[in-house]
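I would like the entire structure built from these sequences, with the hints used as guidance.
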Amino acid sequence: MFKERFLKNKKGEEHLLWNVLSILLILIILSGLLLFVHIKINGAVILEQSYSKNIALLIDASTPVMDMKLNMDKAFDLAEKNKIPRDEIVQIENNIVTVRLSQKGGYSYSFFNDVDVSAYADIYPNKNYIIKINGYK
Amino acid sequence: MVTNKIFLNKRGGEEIMVLYLIAMVFVVAGGLAGMVLIFAGSPYDIREIEATLLMEKIADCISYGGRINENFILNGTAQNTNLDICHLNFEGEEEEFFYKITFYDIKDLDNSFMEIRGGNLNLEASYSINEYSENLPKGAEKSFYSLDNSDNQYIIKILTVVKKFEQNVKK
Numbered sequence: 001m002f003k004e005r006f007l008k009n010k011k012g013e014e015h016l017l018w019n020v021l022s023i024l025l026i027l028i029i030l031s032g033l034l035l036f037v038h039i040k041i042n043g044a045v046i047l048e049q050s051y052s053k054n055i056a057l058l059i060d061a062s063t064p065v066m067d068m069k070l071n072m073d074k075a076f077d078l079a080e081k082n083k084i085p086r087d088e089i090v091q092i093e094n095n096i097v098t099v100r101l102s103q104k105g106g107y108s109y110s111f112f113n114d115v116d117v118s119a120y121a122d123i124y125p126n127k128n129y130i131i132k133i134n135g136y137k
Numbered sequence: 001m002v003t004n005k006i007f008l009n010k011r012g013g014e015e016i017m018v019l020y021l022i023a024m025v026f027v028v029a030g031g032l033a034g035m036v037l038i039f040a041g042s043p044y045d046i047r048e049i050e051a052t053l054l055m056e057k058i059a060d061c062i063s064y065g066g067r068i069n070e071n072f073i074l075n076g077t078a079q080n081t082n083l084d085i086c087h088l089n090f091e092g093e094e095e096e097f098f099y100k101i102t103f104y105d106i107k108d109l110d111n112s113f114m115e116i117r118g119g120n121l122n123l124e125a126s127y128s129i130n131e132y133s134e135n136l137p138k139g140a141e142k143s144f145y146s147l148d149n150s151d152n153q154y155i156i157k158i159l160t161v162v163k164k165f166e167q168n169v170k171k
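Note that the protein sequences, when read in sequence, are chains L and V. In case it helps, the numbering used here puts the first sequence at residues 1 to 137. In case it helps, the numbering used here puts the second sequence at residues 1 to 171.
What the hints contain is simulated information worked out from the structure, not anything from laboratory work. Be aware that one or more of the hints could be misleading.
[What the hints assert, rightly or not] Think about it this way: if two alpha-carbon atoms lie no more than 30 Å apart in a straight line, the pair counts; the simulated DSS-like pairs of lysine-lysine are: (1) L:Lys137 / L:Lys69; (2) V:Lys170 / L:Lys137; (3) V:Lys157 / L:Lys81; (4) L:Lys104 / V:Lys157; (5) V:Lys171 / L:Lys74; (6) L:Lys127 / L:Lys83; (7) L:Lys74 / L:Lys127; (8) L:Lys69 / L:Lys132; (9) L:Lys104 / V:Lys100; (10) L:Lys40 / V:Lys170.
[Claimed, not checked] Residues of chain V clear of chain L, computed beta-carbon distances all greater than 12 Å: (11) Asn80; (12) Ser128; (13) Gln167; (14) Lys171.
[To be verified] Covered stretches of chain L, as calculated for chain V (at least 3 residues, CB under 8 Å): (15) 73-84; (16) 115-126.
The structure displayed is predicted, hence computed values, not measured ones. Ideal Cβ placement from N, Cα and C applies to all residues, glycine included.
Here it is, written out as structure tokens:
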């Protein structure tokens, strides 16, 4: 009886339509927001900065002879998406670490530990980078 | 006329409530997006960790296993007054760091026995330790006890300061 009354009630139909539309709109806005947050937090700029600072700190804290394996899952995925070769993600020259995950530049940070360092990607398909502290300069 | 129609119509109240709700959602979502933008736009500030690492590295270079490196103090006599043997490289960034190492003879803690300073000396005047202050360079300090090769006792104080505003502080 209630169902019949509700379906025959035009006001109820209108009310239901408005509610469904507003809920849908709110869901669209919230999912847009979530997507925006995801893109911002996992974006190349943030990851490049985070990884280069991490690597610089690791080198500063290290002593020769030492091998460090750094898991860089997110970086490898993003670099692959942006067509950056695995071996060019991390580059170390003099006392500067540069991490590049997109075609635009990359992020560099310096370290003060005067060591001879080399960095290379782990064997495919591992998504690690190996930082090797060979000795003091 | 449209406004009149909505406001004079009692049934229109529901639609206005929905529009109001949607406007609220836009405001909240906009606020959250703004917060994310502020968070994503601020660089990670690692100066405090860097200052601590530098301090520990200097400490290990000066004294290891409770004994002062003979390059600094030998038989109670001051030797080196620089950190050349400590494997530090501030190339191109001399202005971004400061360090001060003060040696005190344990019998006379008011007067320093030897002092080593380097980097940007202006940084000694203003820095913050263990407190949040973006606009000041970050520092780290510690003091410890050590012996020289003749068992003379010393207190060694180390202070390190890192500036690096450009890469660690939002412009």
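A quick look at each hint next to the structure:
1. This hinted pair checks out: Lys137 (chain L) and Lys69 (chain L) have alpha carbons roughly 22 Å apart, not beyond 30 Å.
2. Distance check on the hinted pair: Lys170 (chain V) and Lys137 (chain L) sit about 34 Å apart at the alpha-carbon level, beyond 30 Å; violated.
3. Our distance criterion of 30 Å between C-alpha atoms is broken by Lys157 (chain V) and Lys81 (chain L), whose separation comes to about 50 Å.
4. Between Lys104 (chain L) and Lys157 (chain V) the alpha-carbon distance is near 44 Å, which puts this suggested pair outside the 30 Å criterion.
5. A distance of roughly 27 Å separates the Cα atoms of Lys171 (chain V) and Lys74 (chain L); the hinted pair therefore holds under the 30 Å criterion.
6. A distance of roughly 15 Å separates the Cα atoms of Lys127 (chain L) and Lys83 (chain L); the hinted pair therefore holds under the 30 Å criterion.
7. Between the alpha carbons of Lys74 (chain L) and Lys127 (chain L) the distance comes to roughly 9 Å, so the proposed pair stays at or under 30 Å and holds.
8. Restraint check: the Cα-Cα separation between Lys69 (chain L) and Lys132 (chain L) comes to about 9 Å, which is no more than 30 Å; the hinted pair holds.
9. Between the alpha carbons of Lys104 (chain L) and Lys100 (chain V) the distance comes to roughly 40 Å, so the proposed pair goes past 30 Å and is violated.
10. For the given pair, Lys40 (chain L) sits about 17 Å from Lys170 (chain V) by alpha-carbon distance, which is consistent with the 30 Å threshold.
11. Once the 12 Å rule is applied to beta carbons, Asn80 (chain V) is consistent with being away from chain L; the minimum gap is 16 Å.
12. The claim that Ser128 (chain V) lies off the interface holds: its Cβ sits roughly 20 Å from the closest Cβ of chain L, which is beyond the 12 Å cut-off.
13. Separation of Gln167 (chain V) from chain L is inadequate, the least Cβ-Cβ distance of about 6 Å not exceeding the 12 Å criterion.
14. Interface exclusion of Lys171 (chain V) from chain L stands, the closest Cβ pair being 14 Å apart, more than 12 Å.
15. With 0 residues having a Cβ less than 8 Å from any Cβ of chain V, the segment 73-84 of chain L misses the three-residue criterion, and the hint is violated.
16. For the segment 115-126 of chain L, the assignment as covered by chain V is violated, since 1 residues bring a beta-carbon within under 8 Å of that chain's beta-carbons and 3 are needed.
Hints 2, 3, 4, 9, 13, 15, 16 from the earlier list are contradicted by this structure; the remaining hints agree with it.
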